[in-house]
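K.L.:
Chain residues, written in single-letter form:
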Amino acid sequence: MASTSVATAPGRSAWDGGVSPMGASYGKLMMWFFLLSDAFTFSALLVTYGMVRSAHQAYAGTVEAFKFSASYWPIPEKVFEAVPFLHGVELPLVFVGIMTFILIMSSVTMVLAVEAGHRMDRVAVEKWMLWTILGGLTFLGCQAWEWSHFIHGAETGKAVADGTTYFGASLTHNQYGPRDFAAFFFFITGFHGTHVFSGVVLNFLIYYNTVMGVYDRRGHYEMVEKVGLYWHFVDLVWVFVFTFFYLV
Amino acid sequence: MAHSEETTHVTVIPPDTAKIKKLWMTAGILLVITLLEFTVAFTVPHEYKDVRVWIFILMTIVKAAYIVGEFMHLRYEAKILMWSILIPLVFVVWMLVAFIYEGTQISVARFFH
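For the protein sequence lines, the chains are A and B, in the order given. So the first sequence is residues 57 to 304, counted in the numbering used here. So the second sequence is residues -17 to 95, counted in the numbering used here.
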């Protein structure tokens, strides 16, 4: 643990060495600044989404009469309305709501693991890390289903100029709206999913080290805290993706 | 910290129930706000687009504050660490304003000329 609030000798400031002015260890500080830079990356993606969307025509009619068309941006709740095992039932945003719930819950179990780590409670850290890993894997599974459904498309499809109907989405065409819509879906949720995946890998490594007694021997569980920061950040990004991609 | 003998005796500190309760409270708040977002999404008509967007943005910022402040513990860190993380985010605000303005102008040039 970093030593906090060490008294400085007279005539020396907290920045002259020997003390930790930010009250955090090197590793924890670097995790924070990495997350700040990662926040810029995700902000750039979401802001670009906003720019491209506002550069397209908005749908002007009523929600009930909404039809997919390449000439205006789709209403997200009309695109994301499918739930596994409930084929053909229109449940707008329900599945993405379940995914949000899963990620928030896995954030809680992570913070409980961090709390148990502060108390040197190895058994509790193991328990909460396992729940967090389970939550992360469930989220990834949900995302795989969501992608698969998005790629294969809904029943209606979209009429193409040559008389055929196009179903689902690829990088060049999609039935939901302008080409950029699917491109942003793949890139933003894919980049977030990659973060979730690497988070699950890191969480597993932490769990393994905990079981092997590495942190007991080391005398502190700060690694749980550092990886916890990363995991919460993944949840934080999802909060923004959920709002700006699915709700707005 | 320097000890790494094979037989380590670790004293487990009993859990602080007040602290754990607070964490579950934070989770509860996050879930309630998410449910409110759903309520707004399906009750406020799409014609009031600006109202919807601003409610969503406000709720998202509240959720983000709880995650960063409580879960990531930033509220309780040294103030200089907290501001070192938060102040650079003004660049995001500027990027947002500049790019949305740009996008709107592109749309005006494309469709209303």
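Hints were generated in silico from the structure; no laboratory data involved. The reader is advised that the hints may include incorrect statements.
As the list claims (entries may be wrong) - Part of the chain A face toward chain B, derived, beta carbon under 7 Å:
1) D72
2) M87
3) T97
4) L101
5) M107
6) G117
7) K123
8) M176
9) V257
10) Y271
11) D272
What the hints assert, rightly or not - Straight-line Cα separation of at most 27 Å, DSS-like style, residue types lysine-lysine; simulated pairs:
12) A/K123 - B/K31
13) B/K3 - A/K183
14) A/K183 - A/K84
Just so it is clear, the structure is predicted and the values come from calculations on it, not from any experiment. All C-beta atoms, glycine included, are put in the ideal place defined by N, C-alpha and C.
K.L.:
Can you list which hints this structure breaks, lowest number first?
P.N.:
1, 2, 3, 4, 6, 7, 9, 10
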